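Protein chains: 2
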Amino acid sequence: MAEFVKVAVDAMGGDNAPVEIVKGAIEAVNEDHRVKVFLVGQEEVVKAELTKYTYPEEQVEVVNAAEIIETAEPPVMAIRKKKDSSLVKALYLVKDGTCDAYVSAGSTGATLVGGQVIVGRIKGVERPPLAPLIPTAKGCSLLIDCGANVDARASHLIQFAKMGSVYMEYVMGVKNPKVAIVNIGAEEDKGNALVKETYPLLKNCPDINFVGNIEARDIPEGKADVIVCEAFVGNVILKMYEGVGGVLIKKVKEGMMTSLRSKIGALLVKPALKNTLKAFDLEQYGGAPMLGLNGLVVKTHGSSKAVEIKNSVLQCITFKEQNINEKIKEKITMEES
Amino acid sequence: MAEFVKVAVDAMGGDNAPVEIVKGAIEAVNEDHRVKVFLVGQEEVVKAELTKYTYPEEQVEVVNAAEIIETAEPPVMAIRKKKDSSLVKALYLVKDGTCDAYVSAGSTGATLVGGQVIVGRIKGVERPPLAPLIPTAKGCSLLIDCGANVDARASHLIQFAKMGSVYMEYVMGVKNPKVAIVNIGAEEDKGNALVKETYPLLKNCPDINFVGNIEARDIPEGKADVIVCEAFVGNVILKMYEGVGGVLIKKVKEGMMTSLRSKIGALLVKPALKNTLKAFDLEQYGGAPMLGLNGLVVKTHGSSKAVEIKNSVLQCITFKEQNINEKIKEKITMEES
Chain L
1 MAEFVKVAVD
11 AMGGDNAPVE
21 IVKGAIEAVN
31 EDHRVKVFLV
41 GQEEVVKAEL
51 TKYTYPEEQV
61 EVVNAAEIIE
71 TAEPPVMAIR
81 KKKDSSLVKA
91 LYLVKDGTCD
101 AYVSAGSTGA
111 TLVGGQVIVG
121 RIKGVERPPL
131 APLIPTAKGC
141 SLLIDCGANV
151 DARASHLIQF
161 AKMGSVYMEY
171 VMGVKNPKVA
181 IVNIGAEEDK
191 GNALVKETYP
201 LLKNCPDINF
211 VGNIEARDIP
221 EGKADVIVCE
231 AFVGNVILKM
241 YEGVGGVLIK
251 KVKEGMMTSL
261 RSKIGALLVK
271 PALKNTLKAF
281 DLEQYGGAPM
291 LGLNGLVVKT
301 HGSSKAVEIK
311 NSVLQCITFK
321 EQNINEKIKE
331 KITMEES
Chain G
1 MAEFVKVAVD
11 AMGGDNAPVE
21 IVKGAIEAVN
31 EDHRVKVFLV
41 GQEEVVKAEL
51 TKYTYPEEQV
61 EVVNAAEIIE
71 TAEPPVMAIR
81 KKKDSSLVKA
91 LYLVKDGTCD
101 AYVSAGSTGA
111 TLVGGQVIVG
121 RIKGVERPPL
131 APLIPTAKGC
141 SLLIDCGANV
151 DARASHLIQF
161 AKMGSVYMEY
171 VMGVKNPKVA
181 IVNIGAEEDK
191 GNALVKETYP
201 LLKNCPDINF
211 VGNIEARDIP
221 EGKADVIVCE
231 AFVGNVILKM
241 YEGVGGVLIK
251 KVKEGMMTSL
261 RSKIGALLVK
271 PALKNTLKAF
281 DLEQYGGAPM
291 LGLNGLVVKT
301 HGSSKAVEIK
311 NSVLQCITFK
321 EQNINEKIKE
331 KITMEES
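These protein sequence lines are chains L and G, in that order.
In terms of the UniProt record's numbering, the first sequence has 66 at position 66, counting the first letter as 1, and numbering is strictly consecutive.
In terms of the UniProt record's numbering, the second sequence has 303 at position 303, counting the first letter as 1, and numbering is strictly consecutive.
Misleading hints may appear alongside valid ones.
[Stated by the list, open to error] In silico DMTMM-like links for lysine to aspartate or glutamate, alpha-carbon gap of 25 Å or less:
1. L:Lys47 <-> L:Glu70
2. L:Lys251 <-> G:Asp218
3. G:Lys138 <-> L:Glu242
4. L:Lys223 <-> G:Glu242
5. G:Lys251 <-> L:Glu254
6. G:Lys274 <-> L:Glu221
7. G:Lys250 <-> L:Asp281
[Unchecked claim] Cβ pair distances, simulated, as ranges:
8. L:Ala193 <-> G:Cys205: 46 to 52 Å
9. G:Thr333 <-> L:Pro206: 38 to 44 Å
10. L:Lys263 <-> G:Tyr55: 42 to 48 Å
11. G:Ser303 <-> L:Lys263: 58 to 64 Å
12. L:Asn176 <-> G:Glu126: 28 to 34 Å
By construction, these hints were calculated from the structure, which means they are not laboratory data.
Quick caveat, the model's predicted, so the values are computed rather than measured.
A virtual CB, placed ideally from N, CA and C, is assigned to each residue, including glycine.
Work out the full structure, taking the sequences as your base and the hints as a guide.
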């Protein structure tokens with residue numbers, strides 16, 4: 001039997017830890033026999049959660065960690081001081097080769113800092129980006145970068161385009177993925193200084209399928225597979241998705257409750273609507289991978305429920321089996337030669 | 001009788017010109033006796049449109065302009081070469097004092113360039129921002145800047161905050177409007193270099209009601225009245241509104257058409273839904289004012305229909321009657337002293 005894909009799960013991170021985290025991890029091992037989870041957290045608490053479930057014991061291991069990093073803590077300080085926290089210990093499991101991947105719903109800042117400092121970058125990668133999958137009318141796209149590196153330079157964006165292409169091709173199975181750069185117009189000469197500098201470099205990249213500028217309005221349509229942008233802009237895009245989606249769906253529900261006639265209609269419409277809107281739920285795709293590290297680091301939403309944790313753990317399998325990091329290494333080195 | 005508020009309308013600009021432009025202008029004069037429109041465009045074409053309507057003749061004037069600036073033309077060149085275009089002539093009507101305001105659904109670039117070059121900046125204003133109203137769960141907010149000045153500096157953002165506050169207070173009637181700066185986190189020390197530099201300056205501004213950072217996800221909730229950001233980010237926010245909104249509403253409609261049961265429900269739900277979603281329609285608020293110029297320049301969507309043109313013309317009345325430009329002058333000068 002092949003070796004397990006081993007995933008260190010921060011059992012204490014996120015708004016719904018440890019209940020939903022442990023639940024999601026167990027759902028993952030029950031769904032796929034190729035994965036083993038290392039639940040990192042306060043041993044007694046985690047074990048108490050585990051008593052709720054049945055699962056193959058060889059696929060679950062508990063690793064004790066006494067401390068917890070809170071979301072509001074300054075990341076660098078937290079990583080440095082809380083050596084016995086679930087987040088730090090889980091990252092070390094990847095660093096020392098015990099695990100292939102890390103999944104946490106805890107502090108984004110601490111995960112981003114710890115990913116770089118503890119797990120470390122692949123040689124040649126300048127800045128490891130955070131790259132969530134976002135739902136579109138056609139399926140999903142990879143938004144890269146989305147919060148790891150504000151004030152990025154053109155050379156970083158070029159690497160994002162390359163790493164994102166590898167991810168979409170080999171993890172998501174999109175042949176020759178279309179790469180676009182976020183801009184404020186479709187014409188080549190538009191944009192701010194960063195985009196104007198990056199555009200011709202992307203255009204001359206031989207090993208990506210660059211299709212030009214993408215305006216933000218075309219992102220939800222799914223007009224490109226890899227959406228390259230600087231982290232501040234990426235963060236705004238991701239959060240506008242959440243914000244506009246949330247308010248609109250609330251308005252739709254309110255609208256349906258305004259009269260007796262519409263209330264009856266709502267009852268009839270509800271099941272069909274639920275299905276289509278599910279395709280637009282950010283959480284179904286699992287967490288955002290931080291690419292370009294010596295191992296896979298996955299950050300899920302702070303509000304993650306079991307389903308997002310499960311999907312995040314399962315996505316580690318493809319990542320490992322497809323040797324994504326080897327492919328990234330090749331592509332980045334090719335650039336440098 | 002008081003003098004008219006005089007609005008130069010670019011009758012040939014936009015995807016639906018001249019039909020919808022003339023229609024909207026006429027609806028405005030028929031709705032409000034305080035406004036007079038100067039329809040600038042090819043005289044015969046405009047007059048042919050006018051024969052469709054009845055309206056008070058003293059409120060409508062046609063100004064001939066033989067040329068048309070297309071959306072795809074490079075703005076600076078277009079402004080320089082096409083002196084007899086509807087867009088340029090309409091701007092000159094404001095410049096020479098014949099009109100108080102300008103409304104166009106034509107080229108955004110040409111309007112932004114022409115606004116600065118022809119109409120000119122108020123003394124002390126460094127960069128005139130484009131500031132659309134965006135719908136929120138609570139009403140609407142002003143997004144400033146949204147496409148006029150990429151790579152802005154902190155001093156520009158401070159002026160945006162001041163001008164936006166004047167607009168929301170005196171045009172929209174929001175007492176002591178809440179000003180927030182777009183950032184990637186709620187904490188004071190987050191952000192890119194520009195935001196980190198601007199935050200303490202906004203905090204120390206005595207004449208605005210600064211409430212701190214706003215994350216993009218909270219914008220649709222209406223957590224601030226004046227949303228300050230650099231133009232590239234503002235453009236992304238505005239276009240994500242359009243993009244996510246458009247795709248979600250399409251999905252809702254598709255969802256309703258998936259079964260016989262849901263189709264019947266859709267019929268019952270439709271009228272109520274239409275009403276609530278109308279409140280989230282970007283176009284109902286009229287165009288985006290470009291603030292800080294010696295006159296009011298309003299840019300409406302390229303796809304504007306009559307209702308947006310009408311609302312854009314009508315918003316010029318409040319702008320004029322409230323002496324917004326005088327108030328902006330005062331606030332900017334106060335800053336400098």
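Here is how each hint holds up against the structure:
1. Straight-line distance between C-alpha atoms of Lys47 of chain L and Glu70 of chain L comes to about 21 Å, which keeps the hinted pair within the 25 Å bound.
2. For the hint pairing Lys251 of chain L with Asp218 of chain G, the CA-to-CA distance comes to about 15 Å; that is within 25 Å, so the pair holds.
3. The hinted pair formed by Lys138 of chain G and Glu242 of chain L meets the criterion: a straight-line CA distance of about 17 Å does not exceed 25 Å.
4. Proposed proximity of Lys223 of chain L and Glu242 of chain G is supported: the alpha carbons are some 15 Å apart, at most 25 Å.
5. Proposed proximity of Lys251 of chain G and Glu254 of chain L is supported: the alpha carbons are some 17 Å apart, at most 25 Å.
6. Between the alpha carbons of Lys274 of chain G and Glu221 of chain L the distance comes to roughly 22 Å, so the proposed pair stays at or under 25 Å and holds.
7. Taking the CA atoms of Lys250 of chain G and Asp281 of chain L, the gap is near 15 Å; set against the 25 Å cutoff, the hint holds.
8. Look at Ala193 of chain L against Cys205 of chain G: about 27 Å separates their beta carbons, and that is not inside 46 to 52 Å.
9. A hinted range of 38 to 44 Å for the beta carbons of Thr333 of chain G and Pro206 of chain L is inconsistent with their spacing of about 55 Å.
10. A hinted range of 42 to 48 Å for the beta carbons of Lys263 of chain L and Tyr55 of chain G is consistent with their spacing of about 43 Å.
11. In this structure the supplied range 58 to 64 Å is violated for Ser303 of chain G paired with Lys263 of chain L, their Cβ-Cβ distance being about 34 Å.
12. Hint check: Asn176 of chain L to Glu126 of chain G, Cβ distance near 46 Å, so the stated range 28 to 34 Å is violated.
The structure does not agree with the numbered hints 8, 9, 11 and 12 stated previously, though it agrees with the rest.
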